[in-house]
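Going down the list, the sequences are from chains G and L.
Be aware that the first sequence starts at 0, since it is given in numbering that gives the first Met the number 0, and climbs by one per residue.
Be aware that the second sequence starts at 0, since it is given in numbering that gives the first Met the number 0, and climbs by one per residue.
Read the hints as simulated data drawn from the structure, not as lab findings.
Computed from a predicted structure; not experimentally measured.
Any given hint might turn out to be false.
Lysine-lysine pairs mimicking DSS-like chemistry, simulated, CA-CA at most 25 Å apart [stated by the list, open to error]:
id	chain 1	residue 1	chain 2	residue 2
1	L	Lys-94	G	Lys-133
2	L	Lys-94	L	Lys-110
3	G	Lys-133	G	Lys-149
4	G	Lys-133	G	Lys-93
5	G	Lys-100	G	Lys-149
6	G	Lys-100	G	Lys-133
7	G	Lys-96	G	Lys-133
8	G	Lys-149	L	Lys-28
9	G	Lys-149	L	Lys-10
10	G	Lys-149	L	Lys-4
11	G	Lys-100	G	Lys-53
12	L	Lys-10	L	Lys-28
Each chain, letter by letter, is given below.
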Amino acid sequence: MRELSLHLLDIAENSISAGATRIVISVREDLVADELWLEVSDNGRGIPPEMVEKVLDPFVTSRTTRKVGLGIPLLKQAAEACNGFLTLESEPGKGTKLTAKFQHSHIDRMPLGNLEDTFISLLLGTPSVNWVFKYQFNDQCFEFDDTEFKEALGDLPLSDFRVIEFISNTITDGIANARNITTKEGVVYANH
Amino acid sequence: MPTIKSIDDLKRLREEAQKVKELRDQTGKTQIIVGMGTVGIAAGARETLKEILTFIEDHHLPDIILRQTGNIGLGGQDPVVQVILPGAETVTYGKVTPAMATRIMEEHVVKGNIVQEFRIEA
C-alpha cells in the first residue's frame, strides 16, 4: 500500500470484522516534535494475549486467522523503518487499540495520502458503526463524531446524494481547516 | 434542493424525505457492495468506492444502498463490486477501476443493462 490512509482503512476493516460498534481513528501530525501518530481503537471482541504476538508476525498470520491478514505486519514494518513503532493492545471482550508512530520527516515514510476519502469511505460504507475521526495538525484539531449526525438523519439513507455531499464537505473542510489550507470556498483559515 | 450546511438542514431534509418514503418503499432499492479487504484496498477499492459516491452525488440518484464489505473471496479479482437491482440477482464485477465503476453506474444502475464485459463468475 502506498498511503498511510489506506493502511488506516485496512486496520479499520479489522475492527469492523471484530464486531466493533464504535471505532475511533485518530491521526496526529506534530511537525515540532517531528512525529506522526496513527491510532485505531475499537470496542470489538478483542484478541487473546497469545494471539497478539501472532497478529504482528507476517509469517504466522495470513490465512488461518480470518480476522487479520498481512495488513498489520506491513504497517509495523513501515513504522519501524521510520524510527517508529507499532503496538497492539487488546483485551478479549473489551476491544483493541492499535498505535503506530513514525518520524514525520523520515525519507522512507509513505505519505499520509487521502485521509478524507478514507474517512468518507468508512462512514458511508459501514453506517452501522459509530465513527469518531480525529485529525490533529500541530495544535489545530478537527474532530468528527457521527452520533449527532446520524440522529438528525433518522431514516434518511447515508447514500442520499445530498447527505454524501454534506459529509464530504464537512470532512474535507474540517481537515483543510486544521491544516490551514484554502478551502473550496476560498476561505483561508489562520493557524493561531 | 439547496446544499445542506448544517445539522438543522439535515433534519428538514429528513422530514421531506419522510413524505415520499411510503411511495418509494414499494419500488425497492438498488444495492451496491464494494469489497474492501486488504487486497481490495491495495488494488484501489477506496478510489472505486469514491467514484461510485461521486456518481450518486453528481447524478442525484435516489434509493441506492451502498455498503462495503470485507474480502468477498474472489482472489485476484479485486476491486470487486456487486450490484443488486430490486428483485434481480446479484451481478459481480471484477478489477473495477474508477472508470469502469462510472460505466457500471451509467449502464447497469441507471439503465438496468448489465455490463457483460466486466462481469465475473462469483
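Evaluation of the provided hints:
1. L/Lys-94 - G/Lys-133: violated, 32 Å
2. L/Lys-94 - L/Lys-110: holds, 22 Å
3. G/Lys-133 - G/Lys-149: holds, 18 Å
4. G/Lys-133 - G/Lys-93: Given pair G/Lys-133, G/Lys-93 holds - Cα atoms ~21 Å apart, limit 25 Å.
5. G/Lys-100 - G/Lys-149: Distance ~32 Å between G/Lys-100 and G/Lys-149 Cα, so the pair is violated.
6. G/Lys-100 - G/Lys-133: With Cα atoms ~16 Å apart, G/Lys-100 and G/Lys-133 stay inside 25 Å; holds.
7. G/Lys-96 - G/Lys-133: OK: G/Lys-96 and G/Lys-133 at ~15 Å, within 25 Å.
8. G/Lys-149 - L/Lys-28: Holds, because 20 Å separates the two Cα atoms, which is no more than 25 Å.
9. G/Lys-149 - L/Lys-10: holds, 10 Å
10. G/Lys-149 - L/Lys-4: holds, 15 Å
11. G/Lys-100 - G/Lys-53: holds, 20 Å
12. L/Lys-10 - L/Lys-28: Since the Cα atoms of L/Lys-10 and L/Lys-28 sit roughly 22 Å apart, the hinted pair holds (cutoff 25 Å).
Hint compliance for this structure: hints 1, 5 are not met, and every other hint is.
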